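Chains as they are written, first to last, in UniProt numbering: chain A, 1 to 330; chain B, 1 to 330; chain C, 1 to 330.
Hints in this document: simulated from the structure, not taken from any laboratory. A quick note: this is a predicted structure, and the numbers were derived from the prediction, not measured. Among the hints, erroneous ones may be present.
As the list makes no split between identical chains, a pair holds if one copy fits it or if it spans any two.
Computed list of lysine-lysine pairs in BS3-like fashion (alpha-carbon distance at most 30 Å, straight line) [unchecked claim]:
| hint | residue 1 | residue 2 |
| --- | --- | --- |
| 1 | K133 | K310 |
| 2 | K216 | K234 |
| 3 | K286 | K82 |
| 4 | K147 | K319 |
| 5 | K317 | K82 |
| 6 | K310 | K27 |
| 7 | K289 | K235 |
| 8 | K303 | K133 |
| 9 | K216 | K235 |
| 10 | K201 | K27 |
| 11 | K303 | K289 |
| 12 | K140 | K235 |
| 13 | K251 | K117 |
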Amino acid sequence: MVFQGGLIMRPDDANIAGNVHGGTILKMIEEAGAIISTRHCNSQSGEHCVAALARVERTDFLSPMCIGEVAHVSAEITYTSKHSVEVQVNVLSENILTGAKRVTNRATLWYVPLSLKNVDKVLEVPPIQYAWKELEEDGKKRYEEQKLERLVTKQRNGDIIFPVFNPEPYTVGYSQSSLIHLVGPSDCTLHGFVHGGVTMKLMDEVAGIVAARHCKTNIVTASVDAINFHEKIKKGCVITISGRMTFTSNKSMEIEVFVDADPFVDEPKERYRAVSAFFTYVSLSKEGKPVPVPQLVETEDEKRRFEDGKGRYLQTKAKRQVQMQPLTQQ
Amino acid sequence: MVFQGGLIMRPDDANIAGNVHGGTILKMIEEAGAIISTRHCNSQSGEHCVAALARVERTDFLSPMCIGEVAHVSAEITYTSKHSVEVQVNVLSENILTGAKRVTNRATLWYVPLSLKNVDKVLEVPPIQYAWKELEEDGKKRYEEQKLERLVTKQRNGDIIFPVFNPEPYTVGYSQSSLIHLVGPSDCTLHGFVHGGVTMKLMDEVAGIVAARHCKTNIVTASVDAINFHEKIKKGCVITISGRMTFTSNKSMEIEVFVDADPFVDEPKERYRAVSAFFTYVSLSKEGKPVPVPQLVETEDEKRRFEDGKGRYLQTKAKRQVQMQPLTQQ
Amino acid sequence: MVFQGGLIMRPDDANIAGNVHGGTILKMIEEAGAIISTRHCNSQSGEHCVAALARVERTDFLSPMCIGEVAHVSAEITYTSKHSVEVQVNVLSENILTGAKRVTNRATLWYVPLSLKNVDKVLEVPPIQYAWKELEEDGKKRYEEQKLERLVTKQRNGDIIFPVFNPEPYTVGYSQSSLIHLVGPSDCTLHGFVHGGVTMKLMDEVAGIVAARHCKTNIVTASVDAINFHEKIKKGCVITISGRMTFTSNKSMEIEVFVDADPFVDEPKERYRAVSAFFTYVSLSKEGKPVPVPQLVETEDEKRRFEDGKGRYLQTKAKRQVQMQPLTQQ
Chain A
1 MVFQGGLIMR
11 PDDANIAGNV
21 HGGTILKMIE
31 EAGAIISTRH
41 CNSQSGEHCV
51 AALARVERTD
61 FLSPMCIGEV
71 AHVSAEITYT
81 SKHSVEVQVN
91 VLSENILTGA
101 KRVTNRATLW
111 YVPLSLKNVD
121 KVLEVPPIQY
131 AWKELEEDGK
141 KRYEEQKLER
151 LVTKQRNGDI
161 IFPVFNPEPY
171 TVGYSQSSLI
181 HLVGPSDCTL
191 HGFVHGGVTM
201 KLMDEVAGIV
211 AARHCKTNIV
221 TASVDAINFH
231 EKIKKGCVIT
241 ISGRMTFTSN
251 KSMEIEVFVD
261 ADPFVDEPKE
271 RYRAVSAFFT
281 YVSLSKEGKP
291 VPVPQLVETE
301 DEKRRFEDGK
311 GRYLQTKAKR
321 QVQMQPLTQQ
Chain B
1 MVFQGGLIMR
11 PDDANIAGNV
21 HGGTILKMIE
31 EAGAIISTRH
41 CNSQSGEHCV
51 AALARVERTD
61 FLSPMCIGEV
71 AHVSAEITYT
81 SKHSVEVQVN
91 VLSENILTGA
101 KRVTNRATLW
111 YVPLSLKNVD
121 KVLEVPPIQY
131 AWKELEEDGK
141 KRYEEQKLER
151 LVTKQRNGDI
161 IFPVFNPEPY
171 TVGYSQSSLI
181 HLVGPSDCTL
191 HGFVHGGVTM
201 KLMDEVAGIV
211 AARHCKTNIV
221 TASVDAINFH
231 EKIKKGCVIT
241 ISGRMTFTSN
251 KSMEIEVFVD
261 ADPFVDEPKE
271 RYRAVSAFFT
281 YVSLSKEGKP
291 VPVPQLVETE
301 DEKRRFEDGK
311 GRYLQTKAKR
321 QVQMQPLTQQ
Chain C
1 MVFQGGLIMR
11 PDDANIAGNV
21 HGGTILKMIE
31 EAGAIISTRH
41 CNSQSGEHCV
51 AALARVERTD
61 FLSPMCIGEV
71 AHVSAEITYT
81 SKHSVEVQVN
91 VLSENILTGA
101 KRVTNRATLW
111 YVPLSLKNVD
121 KVLEVPPIQY
131 AWKELEEDGK
141 KRYEEQKLER
151 LVTKQRNGDI
161 IFPVFNPEPY
171 TVGYSQSSLI
181 HLVGPSDCTL
191 HGFVHGGVTM
201 KLMDEVAGIV
211 AARHCKTNIV
221 TASVDAINFH
231 EKIKKGCVIT
241 ISGRMTFTSN
251 KSMEIEVFVD
261 ADPFVDEPKE
271 RYRAVSAFFT
281 YVSLSKEGKP
291 VPVPQLVETE
301 DEKRRFEDGK
311 GRYLQTKAKR
321 QVQMQPLTQQ
């Protein structure tokens, strides 16, 4: 059973120098593996299932792939145990202008079929036929080896990178969050600066995660305070977007968001603050009605920021009396 | 019946409850503002320019927008000063099944025209005509107010959320990075679990940022060690992907990446480690040739991890002698 | 100055030379058509429905669209039969720096309203009012013509594309290509079927790869023959899109594209042919001028398809004499 497909590499798939990200290639490899193994595991009558990725063997990137090239992914099932499927995937890159083709990756993936009705139940895999007995024996050896290695890794896996101080629920530290984003071509205007709208979308994303972490319900944006764009952000920058809770009223939360830019390749410039803003969120019940928000527990510094937030809240509330009725006032 | 503009809201634009993210709406608003102000600033002969977003006034989300609804965005220039343009944007949501329409947003944005030849040069804005003299006077008042507020915010803007310990260049702490990602519908299989390939793409993204921060050059993925997927990640989770440098050889860097999942809405489960892996990167010159990597400066703990990484490096190198020649060996 | 609709074209919407993909434009056209016809079919009280694309008439790409330009799409309902809606869509491209506008496309699409409760049930379409009786009569003629053509295509539709080993350059086997796509939530309408525009975008992508492989230059979509959507494609399907060269004239190539769907999990159904179409591409020099296309070398079977393609080419050419001058004729 063989899978064959081809895909043009786009600017957003690659870094500034035009090299396709390894992650883009890994994603294509896994999609091919998931399709072929799901198809195989459903090839006999019985309970329907989806193949879930259990392990990827060590993978080398043998040669770079570039924007405009066509990636060809082919996949083949090479071994089946009772509950798992081994898939071999090859990736070729083709320069369609010169016709040149290069092997860029060979990967081996292991999948496990999970029942569609009960995703914690592993189903049985229909056996494949081998052209030679040796192929089955080699496969079995690989199967045993990876099984052992999986056990070993699981033990090593408790390590952490960023110290977590186990902050108490409802403190500022408990919900604060940050994300980094590598600025790509489609984020930018014609002359290479990030669209303001792209930045605001990322800011809202971080604010939403802070709000959801704080109250663990469905949350929606109720308003955004004035946002000033102090400095342009250039293509190729890495931006860090960080958010923290500053204030809670009965039914709303205020989250402060900062955007910092690192002009990190070939630029002498230091990290700088590009944008900052306050987002207000409300918490919704399953029926979509606003529900009370857990109140913020604060340190001294945070109390000061809370008082500032309260000031903004009351000021806005006063303004609204003479204007229309937005979502937070329902 | 005539159609003018309008965009269908997709599952990827919304949270699990089906509400369109505030950030998606802000992005649409800004795109409309950028188009109309760029068009206006280029409407007289002279140097070409792009309008860059300088400020967004406080914006309320008046009612929620849902998947399947059509968003209508309209924009109008309401004031021009010598060097800036005020744009008012309205967003309507339309349920095309019932025909119901609701105003979801009214926003005011300020743009500044930057020369295409020299993006640090602000050009002059052609004045607009006002239907009444009062419109101009009101606009001028808004202009003065926002100018003042921008100054005030700029001063407050030095605050930071996550303490930075000013680590020395080439230490582990200097380049370590993390990103959070809210799992969306397109990240998932039919039964609501994240595709392994989506996770690997995010892991490679973090590893790439760590590598680039360390050596400040163009970098590419050379290989990925075996990756084990210990636990499924469900739709609606927030995942934190963290990476840190563990080892540098002459021309390669090894980065360890962890993926932790927070099942954060309506789930009693604690944060858990879902995946971990080692990525190897090489640093490239502008001509695309591998160049030496700055060596890692380490603490005691990091020295131990460095030795472990060196072990993996030598083991892989030995294996490769009998296999093919990948990118790091060129 | 007022803004209504309009979308900035991004790097990912275009090929390396900066020309927006025909498939991106077809997707925008179809989204506009789906909105206006769904809105119309729900304009009277009764069962709610979603308009599904049944057919797109032959479409010419009159002039290229570039990155940074703003695409304006407008649509109008021009005819309704008992069970179908005809929509005419116009696409303008605007250079917001120079103010220049060009018509890039005029398309005619046919939609059929499917009940939201039972997607196999076709509902009735509310009749529109015509300004003149002649408009209704012309519409009826178009309706009858396309009805006949749809029947004819359905019969031709059984053909398949087989892999060729070690093909010679300029043969059909040399350039034939396929891509595989797992249908995700954002590809689908509210009731879980793939948007016609998503399918057309993928078809154009495959056709573009075939064209580029054949002539190894920058290529752009010049036109698409009428496309019939025989069967709906459901969420969770895997679709295979295959393309092969059928005909070359002096400055254009015709590529046949097939879309096959595999309902691979949870569905007893066999793979089925969902759509097929002919795309015409032109080859451009670095300066963007049309250049001669290498002629196709053929087997017996392919000669027959070539003759068929030549027939379509001459027929279209004859029709064009009395119409406007599209891209291939410049």
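Results of checking the hints against the structure:
no., hint, in the structure
1, K133 to K310, "neither (38 Å within a copy, 38 Å between copies)"
2, K216 to K234, "between (35 Å within a copy, 15 Å between copies)"
3, K286 to K82, "neither (42 Å within a copy, 41 Å between copies)"
4, K147 to K319, "both (20 Å within a copy, 20 Å between copies)"
5, K317 to K82, "neither (33 Å within a copy, 33 Å between copies)"
6, K310 to K27, "both (28 Å within a copy, 28 Å between copies)"
7, K289 to K235, "between (41 Å within a copy, 23 Å between copies)"
8, K303 to K133, "neither (46 Å within a copy, 45 Å between copies)"
9, K216 to K235, "between (35 Å within a copy, 15 Å between copies)"
10, K201 to K27, "both (6 Å within a copy, 6 Å between copies)"
11, K303 to K289, "within (29 Å within a copy, 48 Å between copies)"
12, K140 to K235, "neither (34 Å within a copy, 34 Å between copies)"
13, K251 to K117, "neither (38 Å within a copy, 37 Å between copies)"
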